[in-house]
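S.K.: Now for the letters of each chain:
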Amino acid sequence: MTTMTIAKAINEGLRATLDNNPRTLLMGEDIGALGGVYRVTDGLLAEFGADRVVDTPLAESGIIGTAIGLALRGYLPVCEIQFDGFVFPGFNQITTQLAKMHARSNGNLTVPVVVRIPYGGGIGSIEHHSESPEALFAHTAGLRIITPSNAHDAYWMIRQAVECQDPVIVFEPKRRYWLKGEVDTQNPGASADPFKAHVLREGTDATVVAYGPLVPVALAAADAAAEDGHSIEVIDLRSISPIDFDTVTASAKKTGRLVVAHEAPTFGGIGGEIAARISERAFLSLEAPVIRVGGFHMPYPVAKVEEDYLPDIDRILEALDRALAY
Amino acid sequence: MGATHLPSTEFDETAADDQLEAEAEAQLGSPAEPMVQLLAPDGTLGTDPVFSAYAEKLDGEKLRGFYADMAKIRRFDVEATALQRQGQLALWVPLTGQEAAQIGSGRASQPQDYIFPTYREHGVALTRNVDLAELLRQFRGVSNGGWNPKDTNFHLYTLVLAAQTPHAVGYAMGIQRDQKAAAAVAADGAQDRPAEPKAAVMVYFGDGASSEGDVHESMVFAASYNAPVVFFCQNNHWAISVPSSVQTRIPLSNRAKGYGFPGIRVDGNDAIAVHAVTEWALEHAREGKGPVLIEAFTYRVGAHTTADDPTKYRESAEETLWRAKDPLDRLEKYLRAQGLADDAFFDQVKADGDELAAYVRKTTYDLETPDIRTAFANTYVEAHPLVAEELAWFEEYSAGFAETPEHNSAEPGSPDPDDAATGVAR
Ligand SMILES: Cc1ncc(C[n+]2csc(CCOP(=O)(O)OP(=O)(O)O)c2C)c(N)n1
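Each protein sequence line maps, in turn, to chains A and B. Read the first sequence against full-length UniProt numbering and you will find it ends at 326, with the numbers running on by one and no gaps. Read the second sequence against full-length UniProt numbering and you will find it ends at 426, with the numbers running on by one and no gaps.
Okay, chain B solo, but in the shape it has when bound (with noise of 0.2 Å):
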């Protein structure tokens, strides 16, 4: 493995990579980096000097999942923005373009990996084993969270930009940490039990959230104890209106360069070459040869979320010129010329998905709103005066409600002797 002249801003440049130069050129205002790409939008394989191998451990079947993945997160993704159209979900923050940024990179991952997301990553969630209709809870106003992390290795949604980027370098912390005192024991001799397999973190952030500071003292903690996480950014080329342009002069990638890890810029529409970079990135960070920076370039296609409106801060033919990189789009080329796929396939990925569109459409429905005494429950792991005393009160103000029936909405038909007596207007 040719991982010696890493980082990869360094590699070889290819004719597509040209392209995309160009264009990041254009839109960075400063001369832009190679680019790690293997499958180019015509749906044709090209060759890295590293990634290729990673590239070719890849079957018909796995290739299969990346677009059976690809396509049901984008059907899940359409079905949530009708949600929330309808009123049954308060936001939608959708993914649409970001299918093999988030397909590619989370299938490198492994279980014992653990996987700090934003709040976009529905398609690293798939790729985690989380219950999609989970995803919505925190969406429809029923939970600030929705899944377990301890379940699947896959953290809670973070709305507050970068600051779930510390916390995964602390977890990579308290991995290096794990290791280190296995190999202890294992150097005494001591184990009767087989070895965990090693393991590495990985969290996501925006071409926005990179501005903040946070992100910078990740890096520099994770630069510091050579903690084992990879930094995964998904340029989308806006934060709500703001162009990438105003966060960054040079391509985010080489920012890596300045804290001494490396830094991959790849292809974020080409889910074989984010996966090689990934599986390389994770491999690295496992061997605990340190942090490595990926910067997936990319395009949020859509809207930011469904409370914005992109036609007036953007152009509807920078949008055009990305369609036509479409990740789906060309791995169907490149599957369909090779002979791994057929009109059959399809056929059962598009049904697929609608199948996963109707549960999904049920399980929100049937989401049911919690207690407000789970908050009370919640806020606290150990007893606290405070919010007991407040949960007291509550109580017996609620009980109040339960004795005067004409302020009780639990029998809405109920008739109510005491009405006319009482005099209370409803």
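The following block holds chain A by itself, in its conformation from the complex (with noise of 0.2 Å):
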């Protein structure tokens, strides 16, 4: 055990897997020298030469196009996409093709690529640098989505992505990056399977399901609302693709009130699906309707108002009260 910030658990969980296969190899915008505008590749390059830790030109579809290629060929490619609200320009690639490659050759082709895009507001950053767009490759099939909320979590995961032989897109909660835990890089532990939903905190009286930068406020608002006498659970999702509904509908027929918390809006997002999957699996558990905490309808706001989009521990805690009022 070894505590480190998130972002040293990813630069850890990297080193482990270049390490392991010669066939691996790093993507991305100025990801070499400077180890990324975040630094999660530090110190990569001078590791493992300009070979693994390539510094792309300037172009996401062009990473994204060539990971393909380069899987085509046998190697795992890991794209690091600078910020969330510049995957788009290799949204073609993602969504067309890189999802698309295994089924349309009837099984014969695989791509295991995988995309890292930090994502997620609370940096007090400028226009397309906090955006939360996981929705829009959920409702892709053929990728798979996932998102740590913690170190141990972020060192697994990315190894657990480079394994799997689907093309996996990992979120990176840019604003948790400096969050500090706990990492046990022998043992996964219960974090074997990165496609399964944690329940981080048992609870009687509703579940609080969230996901990567939110965790630690439902967590908080957990806390919060058993100092009013409330016995909250917390589900900290992991996987946005599959969703673990096993997890997500053994809570809610437990405790009676769901609510879902993301950064994202809530209009088409994440939430929507688990309110509807869980109304189909556990309607007659359920004491009051499925409740979604999410962003406004709008393009994310300026840095100066972003503590009014972004879900906080009072919006949960407001959730609660109204799922605890049916």
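In short, the hints are calculated from the structure, not lab data. Wrong hints could be hidden among the right ones.
[To be verified] A partial selection of chain B residues facing chain A, derived with a Cβ cut-off under 8 Å:
{"#": "1", "residue": "167"}
{"#": "2", "residue": "174"}
{"#": "3", "residue": "377"}
[What the hints assert, rightly or not] Derived EDC-like pairs (lysine to aspartate or glutamate); straight-line CA-CA distance at most 20 Å:
{"#": "4", "chain 1": "B", "residue 1": "180", "chain 2": "A", "residue 2": "51"}
{"#": "5", "chain 1": "B", "residue 1": "180", "chain 2": "A", "residue 2": "55"}
{"#": "6", "chain 1": "A", "residue 1": "196", "chain 2": "B", "residue 2": "390"}
{"#": "7", "chain 1": "A", "residue 1": "196", "chain 2": "A", "residue 2": "184"}
{"#": "8", "chain 1": "B", "residue 1": "180", "chain 2": "A", "residue 2": "19"}
{"#": "9", "chain 1": "B", "residue 1": "62", "chain 2": "B", "residue 2": "352"}
{"#": "10", "chain 1": "B", "residue 1": "150", "chain 2": "A", "residue 2": "166"}
{"#": "11", "chain 1": "A", "residue 1": "196", "chain 2": "B", "residue 2": "389"}
{"#": "12", "chain 1": "B", "residue 1": "150", "chain 2": "B", "residue 2": "134"}
{"#": "13", "chain 1": "A", "residue 1": "253", "chain 2": "A", "residue 2": "287"}
{"#": "14", "chain 1": "B", "residue 1": "289", "chain 2": "A", "residue 2": "51"}
{"#": "15", "chain 1": "B", "residue 1": "180", "chain 2": "A", "residue 2": "47"}
{"#": "16", "chain 1": "A", "residue 1": "196", "chain 2": "B", "residue 2": "382"}
{"#": "17", "chain 1": "A", "residue 1": "304", "chain 2": "A", "residue 2": "127"}
Note that beta-carbon positions come from the ideal geometry of N, C-alpha and C, so glycine has one too.
Take each chain as given, in its own frame, and dock them per the hints.
M.R.: Right under this line is the structure:
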């Protein structure tokens, strides 16, 4: 066990991956000498050389597209997209090519490309640097999407993503890059399956499901609710595609009340999918409608007002109050 | 070899070049560049300071092979068009006019090379020994692919224009890495197996697709990493209804200069020149000298697809002009004039084409409709709970129909004793 930040944990995960498998390589803008704009790839160029840690031309479609070609040749590319809002020039390659290559080849070809995307707000940045586009990718069959909320998961998830034969997008909660936590690099423990949700806190009155950057917020909200005498269960979804509905359903059946929280706009988001599935699966156990907490239907607002945009402890508590009032 | 004076857009002009250049000038609205041509429309063989050497390597058998391939693929095209007209295919993408560009280039590739086509490269597929009936699976709607690219190193057709170009560059970067690793092993003296032959990648796209950003990004990547890739642009003058003058103000081959690698414009209706230029380019790439762009100046004689109506946007005179430069006619003239082929040969080619057409027709009728369960099975490589859940639902739903015979179309003629009792209307 060692304590490290999420950024360092991903760095260590990438290091282990590069060490273990000569066919892995990292590709992205400024990931070499600079170590990435968030320094997640810090030191890897010096250790593994420019053939394994590749500073690419500034071209997202080119990065994803050439990664697909490398994967077809048997390599395991891990692409870094510099910021969430800049993945869109590569969106075509991800959704029309990467996601579908296996299916359209009738299973003959696999393209195990990993795409790392720092996402989410709360860092006071400017336009296009704070977005949460995960639902746009989750809607595309053929992709897998995971997001760590803590350092241990961050270390294991990147390794598991590279080992997965399907294309995997790892959404990294950028405002949590500096969050420290214990990491066991020898044993994944409960994190052995990256597509399984974790019940982080047991409770009986209501469940809050969150992922990535909002997990600490959900935990803090549960603490606050406990002071008011409410017992809140908190689930870290971890995987956005597939979603571990079994874990969420079991919790909803147990507590009878469900709140789903994410930073992405509520409309058309992952929360809606969870609400719909849970009302199908646990309708008779629900005491209240599933309530969604998310961003508003607007372009990500300017940094000076992002506090009003991002779900915080109070917004989750307000949702819990509504659920508990039924 | 005179590769030193490449890019060959600076090649000497011939009289035939002049004529084509004037036409190109009219079509592109800017001064056209010279173009490599060896076999003129009248069937006479010219010379080129660099590429004649490649043409000289082509013996009678090879040239007859080029002709036979071109005739075969044209016959196949006619057959597939007929199948579409008869409702057997949803759509067909004809290649008539582009046979020399495809057979000439495809025949220059070697088995270890890897080819990324667009969707019109039926001739290239033939040169890679893809079963042509398999090409029709996609157009019949029974597959989004249809063949295993690993068998022939001929990738699946790609319908999102230019999307395959970065794949090609990435694949080429992979080859480059493999060769570097193999060289390191060899330098260690530890090799006990024969060296892998050097390989390159060739990627096809159209003049319309050349406007897509992916082509630009691919060329930047290819140049940055000196990737062993040949970009093969078939400029057939039209992107559905839009002429190439809307895509570019200069000959497309000239764009290569901006990326820092050679660009060659070749007469795309001249199988000999296309073969020579492509062989040169693939050698260049395999030898580690980096990417090459070839622009094959050709013409789509028929419609863009069977859903298209070219009379709405172009003059038939243009088509007539290009028919006079037909790639098959000119090679036939040459073969006959040189005494390399006689009537018996051409009769045999025709018979082979008819045999292929009959085979393709029969195989198309026999193509089996897949079970949607294969789509469930192939969406992901690894087990996926959502797919499993939806498949389980589908199985249960389908089983429900099996229990009610009035909905079961498996035995259309079978009497249904419960029909009257249930009163379910068909
Ligand atoms: C990204 C994209 N946009 C539009 C289309 C629709 N489309 C199919 S073929 C075509 C024209 C392509 O022209 P060109 O690249 O010159 O190739 P050609 O078909 O003439 O061989 C268009 C616009 C497409 N397939 N992909």
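S.K.: Are the Cα atoms of residue 289 of chain B and residue 51 of chain A separated by 20 Å or less?
M.R.: At roughly 18 Å apart (the allowed maximum being 20 Å), residue 51 of chain A and residue 289 of chain B satisfy the hint.
S.K.: For the pair supplied as a hint, residue 253 of chain A and residue 287 of chain A, confirm whether the alpha-carbon distance does not exceed 20 Å.
M.R.: 10 Å, holds
S.K.: Classify the hint on residue 377 of chain B as holds or violated, based on whether any CB of chain A lies nearer than 8 Å to its CB.
M.R.: 7 Å, holds
S.K.: Does residue 184 of chain A lie within 20 Å of residue 196 of chain A when you go C-alpha to C-alpha?
M.R.: 18 Å, holds
S.K.: Is the straight-line distance between the alpha-carbon of residue 196 of chain A and that of residue 382 of chain B 20 Å or less?
M.R.: Distance of about 14 Å is within 20 Å: holds.
S.K.: Hinted pair, alpha-carbon criterion (20 Å max): residue 196 of chain A, residue 389 of chain B. Please report holds or violated.
M.R.: 16 Å, holds
S.K.: Are residue 304 of chain A and residue 127 of chain A close enough, with their CA atoms no more than 20 Å apart?
M.R.: 12 Å, holds
S.K.: Residue 150 of chain B and residue 134 of chain B: Cα distance at most 20 Å?
M.R.: 14 Å, holds
S.K.: CA of residue 180 of chain B to CA of residue 55 of chain A, is that 20 Å or under?
M.R.: 19 Å, holds
S.K.: With a cut-off of 20 Å on the C-alpha distance, tell me whether residue 180 of chain B and residue 51 of chain A pass.
M.R.: Distance ~10 Å between residue 180 of chain B and residue 51 of chain A Cα, so the pair holds.
S.K.: Taken at face value, is the distance from the CA of residue 166 of chain A to the CA of residue 150 of chain B at most 20 Å?
M.R.: Within the cut-off at roughly 18 Å; holds.
S.K.: For a C-alpha distance cap of 20 Å, please report whether residue 196 of chain A and residue 390 of chain B respect it.
M.R.: Holds: residue 196 of chain A and residue 390 of chain B sit about 18 Å apart, inside 20 Å.
Of the numbered hints listed earlier, not one is contradicted by the structure.
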